[in-house]
Each structure stands twice: as structure tokens, then as C-alpha cells.
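Chains as they are written, first to last, in the working numbering: chain A, 3 to 338; chain B, 14 to 344; chain C, 3 to 522.
Keep in mind the hints are simulated off the structure, nothing from the lab. Hints may be right or wrong, so weigh each one.
No more than 25 Å apart at the CA atoms, straight line, and that leaves these computed lysine-lysine pairs for DSS-like [as the list claims (entries may be wrong)]:
1) Lys364/C / Lys344/B
2) Lys84/C / Lys65/C
3) Lys136/A / Lys364/C
4) Lys146/C / Lys134/C
5) Lys136/A / Lys88/C
6) Lys293/C / Lys502/C
7) Lys224/A / Lys344/B
8) Lys65/C / Lys224/A
9) Lys519/C / Lys502/C
Okay, the calculated bits of chain B under chain A, using three or more residues with CB under 8 Å as the criterion [said to hold, decoys possible]:
10) 145–151
11) 157–165
Virtual Cβ for every residue (Gly too), placed ideally from N, Cα, C.
Next come the chains, spelled out residue by residue.
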Amino acid sequence: MTSPVEDVEVVAARRPQPRRGVSLRDAGPPIALVVIFLVFSALSSDFRTIGNVQNIMDTAAVLAVVTCGITFVLMMGSIDLSAPGIMGASAIAVALLVANNRNDNDLGLIGILVAVLLAAALGCLSGLALVLLKVPSFMTTLGVSAVGLGVATLMFAGVQPNISDAMLKGWAVERFLGFAYLTWIAVGCVLLGYLVQRYSRLGRYAFAIGGAEEVLALSGVKVAPYKVAVFTLAGAFYGLAGVMVTSQLSAGLVQAGKGYDFAAITAAVVGGTLLTGGRGGILHSAVGVLLITALTNGLVQVGVSPYWQGGVQGLIVVAAVAAAVVPQRRRNQVTK
Amino acid sequence: MSTPVLATPAADPAVVSGGPTVGQRLTSFMPLIALVALLAALTIADPDFLTQRSLTAAVRTSAPLVVLAAGATLVVLCGGIDLSIAALCSLSTVFFAMWLPDLGGLTALAVVVAAGAIGAVQGLAHVLLRIPSFIVTLGGLSIFSSVALVISDAGPIRVVDRDATKWLTLYVGGVVPMAFFVAVLVVAAIALVLRLTPVQSWITATGFSESAARLAGTPVDRVKVAAFTVSGACAGLAAVMLVSRNFSGSPTMADNLLLPAVAAIVVGGTAITGGHGSIWRSLVGALVITLLRVGLPIVGVPSAWEQILYGAIIVAAVALTLDRSKVLIIK
Amino acid sequence: MIDAELEPTVTPLSAEVPALEVRGLVKHYPGVKALDGVDLVVRQNEVLGLAGENGAGKSTLLKALVGLVRPDAGEIWVRGKKVRLKSVVDAADHGIGMVFQEQSLVPNLTAAENIVLGSEGPGVRRGMYRWKTMRNLAQQQLDKIGSDIDPLARTDTLTFAERQMVEIAKVLRIEQRTQFAPVIILDEPTSVLESKEIETLFTQVRRLREFASVVFVSHRLDEVLDVCDRVTVLRGGESVGEVAAAGAVPGDLHRMMIGSTGSDDHYHGNASQRSGEPLRPMLEVRGLSGKTFRDVDLDVHAGEIVGIVGVHGSGREDVCRALFGAEPTTAGEVSLDGTVLELSGTRAACAAGIGYVPAERKIEGMVGPMSVADNMTLTKQKSRCNGPLIAPKKQATLVDGWIERLSIRTPHRGTAIQRLSGGNQQKVVLARWLVAGDIRLLLLDHPTRGLDIGARSEVYRLMRELANSGVATVLLADSLEEAIGMSDRILVMSDGRATKEVACPAGGKPTPLDLVKEMV
Numbered sequence: 003m004t005s006p007v008e009d010v011e012v013v014a015a016r017r018p019q020p021r022r023g024v025s026l027r028d029a030g031p032p033i034a035l036v037v038i039f040l041v042f043s044a045l046s047s048d049f050r051t052i053g054n055v056q057n058i059m060d061t062a063a064v065l066a067v068v069t070c071g072i073t074f075v076l077m078m079g080s081i082d083l084s085a086p087g088i089m090g091a092s093a094i095a096v097a098l099l100v101a102n103n104r105n106d107n108d109l110g111l112i113g114i115l116v117a118v119l120l121a122a123a124l125g126c127l128s129g130l131a132l133v134l135l136k137v138p139s140f141m142t143t144l145g146v147s148a149v150g151l152g153v154a155t156l157m158f159a160g161v162q163p164n165i166s167d168a169m170l171k172g173w174a175v176e177r178f179l180g181f182a183y184l185t186w187i188a189v190g191c192v193l194l195g196y197l198v199q200r201y202s203r204l205g206r207y208a209f210a211i212g213g214a215e216e217v218l219a220l221s222g223v224k225v226a227p228y229k230v231a232v233f234t235l236a237g238a239f240y241g242l243a244g245v246m247v248t249s250q251l252s253a254g255l256v257q258a259g260k261g262y263d264f265a266a267i268t269a270a271v272v273g274g275t276l277l278t279g280g281r282g283g284i285l286h287s288a289v290g291v292l293l294i295t296a297l298t299n300g301l302v303q304v305g306v307s308p309y310w311q312g313g314v315q316g317l318i319v320v321a322a323v324a325a326a327v328v329p330q331r332r333r334n335q336v337t338k
Numbered sequence: 014m015s016t017p018v019l020a021t022p023a024a025d026p027a028v029v030s031g032g033p034t035v036g037q038r039l040t041s042f043m044p045l046i047a048l049v050a051l052l053a054a055l056t057i058a059d060p061d062f063l064t065q066r067s068l069t070a071a072v073r074t075s076a077p078l079v080v081l082a083a084g085a086t087l088v089v090l091c092g093g094i095d096l097s098i099a100a101l102c103s104l105s106t107v108f109f110a111m112w113l114p115d116l117g118g119l120t121a122l123a124v125v126v127a128a129g130a131i132g133a134v135q136g137l138a139h140v141l142l143r144i145p146s147f148i149v150t151l152g153g154l155s156i157f158s159s160v161a162l163v164i165s166d167a168g169p170i171r172v173v174d175r176d177a178t179k180w181l182t183l184y185v186g187g188v189v190p191m192a193f194f195v196a197v198l199v200v201a202a203i204a205l206v207l208r209l210t211p212v213q214s215w216i217t218a219t220g221f222s223e224s225a226a227r228l229a230g231t232p233v234d235r236v237k238v239a240a241f242t243v244s245g246a247c248a249g250l251a252a253v254m255l256v257s258r259n260f261s262g263s264p265t266m267a268d269n270l271l272l273p274a275v276a277a278i279v280v281g282g283t284a285i286t287g288g289h290g291s292i293w294r295s296l297v298g299a300l301v302i303t304l305l306r307v308g309l310p311i312v313g314v315p316s317a318w319e320q321i322l323y324g325a326i327i328v329a330a331v332a333l334t335l336d337r338s339k340v341l342i343i344k
Numbered sequence: 003m004i005d006a007e008l009e010p011t012v013t014p015l016s017a018e019v020p021a022l023e024v025r026g027l028v029k030h031y032p033g034v035k036a037l038d039g040v041d042l043v044v045r046q047n048e049v050l051g052l053a054g055e056n057g058a059g060k061s062t063l064l065k066a067l068v069g070l071v072r073p074d075a076g077e078i079w080v081r082g083k084k085v086r087l088k089s090v091v092d093a094a095d096h097g098i099g100m101v102f103q104e105q106s107l108v109p110n111l112t113a114a115e116n117i118v119l120g121s122e123g124p125g126v127r128r129g130m131y132r133w134k135t136m137r138n139l140a141q142q143q144l145d146k147i148g149s150d151i152d153p154l155a156r157t158d159t160l161t162f163a164e165r166q167m168v169e170i171a172k173v174l175r176i177e178q179r180t181q182f183a184p185v186i187i188l189d190e191p192t193s194v195l196e197s198k199e200i201e202t203l204f205t206q207v208r209r210l211r212e213f214a215s216v217v218f219v220s221h222r223l224d225e226v227l228d229v230c231d232r233v234t235v236l237r238g239g240e241s242v243g244e245v246a247a248a249g250a251v252p253g254d255l256h257r258m259m260i261g262s263t264g265s266d267d268h269y270h271g272n273a274s275q276r277s278g279e280p281l282r283p284m285l286e287v288r289g290l291s292g293k294t295f296r297d298v299d300l301d302v303h304a305g306e307i308v309g310i311v312g313v314h315g316s317g318r319e320d321v322c323r324a325l326f327g328a329e330p331t332t333a334g335e336v337s338l339d340g341t342v343l344e345l346s347g348t349r350a351a352c353a354a355g356i357g358y359v360p361a362e363r364k365i366e367g368m369v370g371p372m373s374v375a376d377n378m379t380l381t382k383q384k385s386r387c388n389g390p391l392i393a394p395k396k397q398a399t400l401v402d403g404w405i406e407r408l409s410i411r412t413p414h415r416g417t418a419i420q421r422l423s424g425g426n427q428q429k430v431v432l433a434r435w436l437v438a439g440d441i442r443l444l445l446l447d448h449p450t451r452g453l454d455i456g457a458r459s460e461v462y463r464l465m466r467e468l469a470n471s472g473v474a475t476v477l478l479a480d481s482l483e484e485a486i487g488m489s490d491r492i493l494v495m496s497d498g499r500a501t502k503e504v505a506c507p508a509g510g511k512p513t514p515l516d517l518v519k520e521m522v
């Protein structure tokens with residue numbers, strides 16, 4: 003993994019010790035990913051097929067997009083539990099806006115855009131509640147998740163919308179260079195996320211807010227708009243993920259985003275993002291996503307019940323957070 | 014030690030300031046006001062609502078929610094949060110259904126003890142590994158759901174022997190449902206322990222300022238683990254109540270109780286920042302939430318609005334009760 | 003645009019007009035007058051020193067100068083114009099910038115980003131970073147102070163001294179806003195630096211004088227005289243004098259900082275009330291080491307008050323917390339009344355009869371919304387309980403008794419402690435350790451911080467009475483005066499080591515100057 007500044011073009015450093023190396027912390031998750039691949043390849047002949055690798059990548063697509071969003075929030079040191087609600091709302095919205103069995107809409111790409119905008123608006127709501135009402139993010143996003151699910155249920159109205167839009171359906175089945183379009187969309191999101199994180203003021207400030215929020219204020223930066231923007235951006239990513247789920251299922255479901263909040267937090271944390279903020283990034287999280295997906299896939303391949311998936315994630319996240327806290331542990335430290 | 018006696022009285026005037034304002038007093042009665050207002054509104058919307066029958070039905074539905082919220086309130090008072098209660102409750106319904114054939118009458122006790130032990134493990138993970146409580150319990154949520162799915166094979170398990178839970182379906186004095194009576198009993202018991210022992214000050218100190226509590230030699234870690242244990246045990250008891258109503262255990266049975274439980278706590282006026290609130294408040298909060306739940310269809314609002322309402326209520330109630338002096342930077 | 007940044011234009015200004023002037027600045031906090039009519043003049047291209055004891059009002063004054071504190075009265079003039087500073091940005095627009103004592107850099111950003119933070123200018127276009135421009139902008143700033151730090155190094159990989167250079171480079175960015183010579187405030191810049199790094203810093207400060215005015219604040223008076231042109235001395239929220247640095251010695255400054263020593267009566271004397279014969283040793287510390295302190299030896303006898311003095315960063319607070327088990331130790335032995343202590347945590351310390359009064363009363367000392375009674379009995383629960391249950395009558399008798407004995411002014415024992423005045427709150431916190439009557443060692447970390455004179459005097463009296471009853475006391479005093487007035491002996495700490503022990507008997511008290519010599 004790269005530290006954020008490392009690959010910038012630099013004039014020859016005049017100092018003998020350029021302290022910009024790759025640390026063990028950054029190298030850990032990719033090594034773990036390779037180890038997991040090797041172990042499961044040895045254990046299961048089904049795991050090491052090209053088809054299964056394609057399968058892992060395709061499975062990882064939705065999670066990757068959700069994780070892109072949540073990573074920005076975690077970088078600020080906040081938390082986001084709103085993915086299930088926002089994804090549900092956008093999944094139903096897009097199913098009702100493109101060609102479907104419930105109404106005569108056939109908006110195609112515009113429908114997708116509207117669904118993503120709806121999701122961004124919901125994300126914006128979390129951010130506004132955070133900065134205006136000063137409610138901690140885990141509470142605002144829990145609330146917004148409920149609101150999103152409610153909106154989805156209202157639109158669902160008891161009849162499942164099945165989509166007939168060829169393009170959206172095609173995303174999940176048509177392939178380019180061996181991977182589904184959805185996978186390429188996810189790759190695009192990761193790249194976009196990386197660019198935002200690396201080159202945009204929004205991304206760098208999100209990183210800085212996680213590092214030392216009070217310093218930003220002392221330097222005359224108004225952090226509130228950036229916080230709202232980050233939650234909005236995250237909402238947009240969840241919205242796109244909801245659209246992708248609808249594409250996979252060919253139908254809009256209220257439960258489209260169930261469990262994605264926790265899976266994404268797990269992926270980000272495993273990738274090396276600290277819950278206290280200020281460390282990690284999109285590429286870290288992408289590795290985390292592959293790690294989680296490969297692990298889940300491998301466990302199923304060697305015969306473990308798929309129901310254990312959540313349990314494994316739960317154990318991993320607790321272990322990863324505990325490991326990250328160990329170096330900073332102090333006797334009288336306050337933990338909430 | 015001899016007793017030091019100050020000879021001269023204090024020259025310092027008793028600068029007593031910052032007592033509760035009228036607004037604050039009003040806010041602290043808000044849950045009760047909301048409860049009465051809701052009752053009135055529902056009676057106006059449907060005059061049949063204020064009958065013994067529908068009220069009995071309402072408090073009967075509220076029992077599991079009251080118990081869940083009561084337990085989790087202790088964790089919130091300590092300054093943490095328990096997001097695993099609903100998942101643990103679901104897992105406990107599966108335990109109950111699976112153990113009933115072997116344990117018979119002892120099943121309820123066994124489930125409560127097992128859930129309490131699981132809660133204690135979460136508490137230990139929180140204090141020993143120094144992981145924030147919401148991440149421990151979020152992990153717990155995920156683990157419990159998955160264990161419940163695996164051991165139940167992802168489906169409901171029917172409870173054939175209905176005698177074991179029959180006592181919960183009885184009525185005290187012919188009107189008060191036993192489940193609700195037990196729920197109030199639990200609240201009263203916890204409240205009594207808090208009031209009569211030093212535990213109340215330990216919890217308040219821990220929740221208000223953990224460092225102050227530690228520097229005063231308060232058993233902070235033990236208090237926290239105990240709070241998580243009680244929270245777990247309450248989830249187990251709520252599970253028994255759910256099984257007595259549904260005659261089955263299911264790995265997702267209580268999952269949709271998490272939001273109402275959190276909403277009940279914050280609507281009651283317990284501050285999410287810890288240190289301020291009480292268990293009685295959560296009882297009132299749970300009743301408010303239950304009335305909303307049964308009341309929405311009466312006034313003709315589609316039940317989908319229930320979720321949206323929970324979301325709005327949680328954010329609004331937290332915003333009202335938050336202790337802003339304590340948190341300078343809101344994450 | 004970039005070219006314009008390369009050569010900041012400095013508008014000429016008549017040399018007599020001060021770069022910054024403060025007239026009659028007043029700031030009240032509840033119960034305390036932090037600033038009581040401060041006057042200050044910073045001339046163009048000079049380094050002005052600011053000296054004063056803790057609580058003299060230095061930090062409040064500095065905060066007012068950068069818009070973090072709004073004064074209740076008084077005026078601030080910048081380059082001949084009266085200004086009102088509402089925020090740090092406001093101050094920066096008027097050319098005033100400050101290097102904060104606790105560094106104000108974002109650790110996980112690059113040095114370059116920190117330098118331009120909040121005023122990126124051409125470094126950001128349409129919300130996107132232009133890293134090359136950013137690096138160049140930062141490089142210009144670093145060049146100004148002749149630093150060779152790599153602008154793209156992550157800030158948390160730099161040494162403390164390097165980070166300070168980054169801060170200075172960052173503060174100098176305000177030139178871009180103002181187009182005239184800035185005023186740079188350095189708050190205790192040397193407190194954590196090695197001597198070699200201090201030399202580098204001083205070279206920088208002298209360099210800054212070429213194109214800016216500097217306000218230099220330090221505890222180390224010799225340094226102040228070394229680097230400054232002029233020194234203004236604050237005492238009790240007032241400016242009490244001004245000294246030209248050339249030819250002055252630290253003693254001159256210190257005399258002004260202290261003023262006339264307080265009467266002995268204020269501290270309720272010591273020997274007069276004491277039996278005189280040596281008492282048994284209560285606390286024995288041998289070779290105690292931790293993160294911020296090394297090899298500390300300390301003896302406190304029963305009935306004795308031992309003060310520990312030292313500048314910011316001397317490690318004395320951490321020693322105090324370590325003795326209470328609230329800070330980890332790496333080596334050393336501590337025994338209390340002959341028994342070796344484990345230092346395993348605060349609960350063990352409480353059980354052993356050690357009490358601790360933290361400096362941050364409102365956050366660490368008391369539980370605000372809890373009643374006086376609950377706060378007083380928080381540690382020694384047994385004192386109000388019968389078995390596991392609270393005995394209301396026992397509690398009432400106990401708490402009311404202590405309220406009366408310590409003259410705590412409270413409407414009722416059930417009143418929330420946060421409604422009491424500071425002095426009464428502190429008495430409740432102290433009473434917490436006394437209710438069980440088993441206290442043997444009391445660790446007091448700034449017990450009179452934020453209290454007015456009357457309340458201070460009462461806390462002193464209480465300390466004296468406790469000492470007379472045989473309690474050993476370790477005192478981290480708010481001022482040197484207080485340490486000298488209250489202590490029987492004083493341990494001087496510097497850079498984490500106990501450097502000197504000074505006897506402090508009644509009638510043979512050392513002067514603050516004697517202590518300062520050892521502290522720096």
C-alpha cells in the first residue's frame with residue numbers, strides 16, 4: 003500500500019533520510035491477502051480456478067463501492083451505519099424509475115442518477131444532523147438508516163418492482179475482459195475514490211479532520227461543510243451500490259443493503275483504516291474488501307456454512323480494532 | 014486521624030448558580046408529557062382506544078421492549094452503547110426453542126443466564142481490549158446473528174411444549190398481563206439496587222467522566238462489565254417473552270427491536286453521552302414507542318412511516334438530551 | 003500569482019508606529035480576574051519578551067491577541083489602527099500569528115499541507131490539489147527560515163524541533179494575507195527542545211526580526227534575556243514593568259514577576275503549630291522511572307508537606323499520577339509506611355490510604371451532576387454503608403458533619419456539586435479522602451487552581467491541619483510562592499529528573515530565585 007504522499011513526483015530529497023517508506027502496518031493487509039489466497043488454494047481445488055477468482059471479484063463489487071463511501075467517513079473519525087437504509091431506498095427508487103413491472107417509467111441512466119442523488123441527499127441528512135444538532139454520527143446514521151428503510155418501504159408499497167431495463171440488467175451479466183460490468187464499475191469507484199482522497203481538498207481535509215480537527219479550526223478552516231460533503235459523498239456511493247444490487251437481483255428490495263454497513267466497516271478496518279480516523283485510505287480499504295471476500299469465499303469452498311459469514315466478520319473486526327489499539331493502550335485510558 | 018476543624022467560617026460567599034432552568038425541568042418531564050399527549054391523541058382519534066382491552070393489549074406488546082431498553086439503559090448510563098441486544102435476543106429465542114425439550118421448566122432461567130454470560134463476555138472485551146463499546150457490540154450483533162442462523166439452520170423452530178411459557182400469558186388481577194408485570198418488576202428491581210447501593214454513584218461517575226471515576230478509585234471496569242451482563246440477561250428475558258407470544262424461536266425474531274429499544278432509551282431522556290438518565294425513564298420511553306407503534310395504524314398512517322419516525326425520533330431525542338459541555342468535538 | 007508569492011511586498015510604515023499595541027486589556031473568568039488592565043507595546047522589527055509566573059495572565063493575553071479570547075474591556079491596536087479580533091483568521095488578516103505551545107499541526111498530513119493549511123491559494127484549483135505548486139509554496143516558506151525540511155515528509159515523522167520549524171513557516175504564511183510585516187507570537191517554544199535545537203531556534207528568531215516583530219514567551223528567563231530586545235513583565239493580570247534586555251540579569255525579571263512576597267499569615271505558617279521532633283518516614287520513593295521521568299527519589303515524612311517544583315515538561319505531574327497508580331512506571335520502588343506498594347492502579351492506591359486531588363477539578367476531580375454527598379463518599383463507600391446498602395442516616399450524619407467541619411457552603415448535601423463555587427467544590431473533593439479517616443498520603447496537583455484568594459487561604463489552612471494530624475502531603479503548587487509558603491521541603495525537577503532538594507523550614511525559606519536557578 004502507498005502512503006498518501008509517496009508516489010508524488012518529488013525533486014531529489016536533500017536529506018539523507020527520506021522518511022516516507024512503506025511501513026509494516028501498510029504492508030500487513032496485502033500480505034494477509036496473499037496468504038489467504040495461498041492457503042485456500044492449497045486447501046481447495048475449486049478455489050484456485052480462474053472462474054472462482056472472477057467470482058470473488060464479482061462478489062466483491064458491491065461491497066467495494068460501499069466501502070469506498072464509508073472509508074471517507076472513517077477517515078474523519080466518524081462512523082456510518084446508514085448504508086442499509088440508503089441502499090434500500092436507492093435500490094427501490096431505481097427499480098421504480100427504470101423500465102419495470104410497476105409503472106411506465108423508463109428513464110434508464112437518468113433513473114440511476116436520480117436514485118444516486120436521493121441517496122446522496124440522505125447522506126447529506128446524516129451530515130447535517132451531525133454538524134447542526136451536534137448528535138454523534140453513529141446515532142445520526144442509525145436514524146438516517148431507519149429513515150431510508152422507511153422511505154424504501156413506502157415506495158415498495160407491498161409489491162416487488164421487477165426491472166426489465168436491459169442496460170441495468172446487463173450490468174450484472176455482461177462481461178468485459180472476464181469480469182462483469184459491475185466489477186468494472188467498482189474498479190472505477192475505487193479509482194475515483196483514490197483520486198478524491200489524494201488530489202481533492204475534500205479528501206485531504208477529511209483525512210486531516212481525522213488527524214487533528216481542532217488544528218483545522220485554528221488554521222481558519224471551517225470543517226462543518228467538509229463533514230457534510232463527506233457524508234453526502236458516502237451516501238452517493240451507497241446509492242450506487244444499491245443500484246448495483248438491484249441490477250444483480252433484477253428487482254428492487256427493501257433489504258438490498260442488509261449487513262453491508264458492518265461488512266464495509268470490517269473491510270475498511272481490516273485494510274488498515276483506524277476507527278479513530280486519520281489513517282488508511284481507499285486503496286487500503288480495497289485490499290480489505292478483497293481480503294474479506296476471498297476469506298468468505300474460501301470458507302464456503304472448504305465447506306463452512308455461509309451463515310458463518312457475519313460471525314467471521316464480527317470476530318475479525320473486534321480483533322483488528324483491538325490490535326490497532328494495543329500500541330496506544332494506557333492504564334487509565336478512557337474508552338466509550 | 015484527628016479531625017481538622019476550621020476555626021473561622023468561610024469568607025467565601027455561597028456562589029450557587031446554574032440550577033435547572035424552567036426549560037430543563039420541562040424537558041425532564043417531556044417523556045411523561047409525550048406519553049399523556051399520545052394517549053389523549055389516540056383517544057380522540059379512536060374513542061375505543063381508551064378501553065381496558067386495548068390498553069391491556071398495548072402494555073402486553075410493550076413488555077419485551079421494556080425489558081430490552083431497561084437493560085441497555087445501564088450501558089448507556091455508563092457512557093457506552095449496546096447495539097447487540099436485539100441480535101442477542103433473537104439468538105436467545107433460538108436457545109429457548111432448542112433447549113426446551115431437555116431442560117423443561119428450567120429453560121427460561123438457563124436462557125437468561127446464558128444471555129447474561131454472553132453480555133459479560135462483551136463487557137470484558139470492551140474493558141480489557143479497550144475497544145469502543147459500539148464496535149464490540151456491533152461485532153457481537155454480527156456474531157450472534159450468524160450463530161443463530163447456523164444453529165437454527167436459518168429457520169424458525171416451533172415450540173410444542175407451551176406449558177413452559179404459559180405463566181407469562183397469565184394476567185395479574187385479571188387485567189395486568191404477566192409479561193408486563195414481570196417487565197415492571199425487572200425495572201423496579203434494577204432501580205432499587207441502584208438506589209439502595211453505591212452502584213448508582215459508580216455508574217453516574219463512570220458515565221459522566223470516566224477519568225474522574227477512575228481517579229476516585231471507583232471500580233469502573235467491574236461496573237461496566239456488570240452493566241453489559243445485565244443488558245445481556247435482559248435480552249434473554251425479552252427472548253422468553255417473545256417465545257411465549259410466538260410459540261417459536263427464530264434467528265431474526267427480535268432483530269427489528271433494536272431501533273425501538275434505542276429510541277425508547279433516548280426518548281426517555283437518558284443522555285447518550287452517559288451519566289444522566291434513569292431506568293424509569295426508559296420504561297416511559299418504551300411505552301411511548303409502543304403507543305406510537307400501535308397508534309399509527311389507528312390514525313391511518315401506513316406502518317412504513319414507523320421506521321422514518323424512529324429515525325427522526327432518535328436523532329431529535331439525542332439532540333435534546335446530549336450533554337454538550339462534555340463533547341467539544343462531535344465525531 | 004506564484005511570482006507575487008515569491009516576493010511578498012512589505013508596505014513601509016513610519017518606524018515610530020508600533021506593530022502591535024495593547025491598552026488596558028481586561029478579561030474576567032468566573033471568580034478570577036485573568037487580565038486586569040494589561041498594556042503592551044510591540045515595536046516594528048523587535049523581539050519582545052513576555053515574562054510572568056503561572057497565572058500572571060500570559061496565556062489569556064496571548065489568546066486575546068490571536069482572537070481566541072474576547073476581552074471584556076480594553077483595546078488592541080495593529081499598526082496604528084484599532085482592531086477587534088474575533089477569530090484566529092481575523093488575527094491572521096491583521097498579521098498576527100501564533101506558534102502554539104501544544105503544537106498545532108495535523109500529524110497525518112505532509113509538512114507542505116500544514117504550512118499552507120487554510121490559505122492554500124494557488125495550491126488548490128477548483129477543489130483539487132496541485133501538489134507541485136503546493137510543494138513550491140511550502141518550500142518558499144521553509145526557505146525564508148532557512149530550513150531544509152522535506153516539504154513532502156509526513157509531519158508525524160519529523161522531530162519535535164523540525165515540527166516547530168514547520169509551525170514557524172506556517173505562521174509566516176500570514177504575510178500573504180496582509181502584505182506587511184507580521185507579528186509572530188512564540189508561546190514557550192523552548193520547553194521541550196534540546197540545547198542544540200534551542201540554538202537553531204534562536205538563530206531563526208533573530209532572522210525573523212529582519213522582516214517581522216516577535217513576541218517571545220518563555221519560563222526560562224536567561225533565554226528571554228538572551229534572545230529578546232525588551233521584556234515586559236506581567237503579574238496578577240497587570241503589566242508591572244518593562245526591562246531592556248541588554249545588561250539585565252534574570253534576577254531583575256524575577257523580582258518583578260514575584261513582587262512583594264505574600265505574608266506568612268496567608269499560608270498559616272508551619273513550624274509554630276508543629277511539635278518539631280522528626281516524624282517517621284511515610285512515603286519512600288526510590289529510582290522511580292516512567293515515560294516522562296527518570297530515577298526519581300523522594301521521601302515524605304508523616305506530617306510533612308513536600309512541594310515539587312519544575313517548569314512545564316519537568317515531569318512532576320506524571321510522578322504524582324504514577325504514585326497514585328494512574329500513570330505506568332517502568333522501574334523503581336515505592337513504599338508507604340514501610341510497606342512496598344504495587345502501583346497496580348488507582349483502586350489499590352485508594353485502599354492503601356493514598357488520596358489524589360487532580361488539577362482538572364471539573365473534569366477529573368468531581369462528578370458535576372452528582373450531589374455533594376455522593377461526591378464526598380464516592381471513594382470510601384463503606385463510610386456511608388451498612389453492608390452492601392447505603393444507610394441514609396449514617397450518610398447524612400457523616401456528610402453534614404464534614405460540611406460543617408470544612409465550612410462547605412452548600413444549600414444541602416443533596417445539591418449537585420456543580421452548583422457550588424470553586425472553593426467549596428474543592429473542599430468536597432478533599433473531603434472525599436478524609437471521610438474514612440484512613441488517609442496517609444495526600445497528592446495535591448494544583449489544589450488552588452482557579453480559586454480566589456479567600457478560598458485559597460481556606461485550602462491552605464485545611465492542608466496545614468491535615469499535615470498536623472500526621473498526613474504526608476505532596477504538593478504541586480500553582481506558583482513558586484505557594485510552594486515555598488506551604489512546603490517543609492521542596493524537590494526541584496527538571497527534564498524528568500529530581501535535580502535538587504531544598505529545605506524550606508519556617509524562618510529559613512529560600513527565595514523563588516533560588517529555586518528558579520535550579521529549575522532551568
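request  = Determine which of the earlier numbered hints do not hold for this structure and return their numbers in increasing order.
outcome  = none
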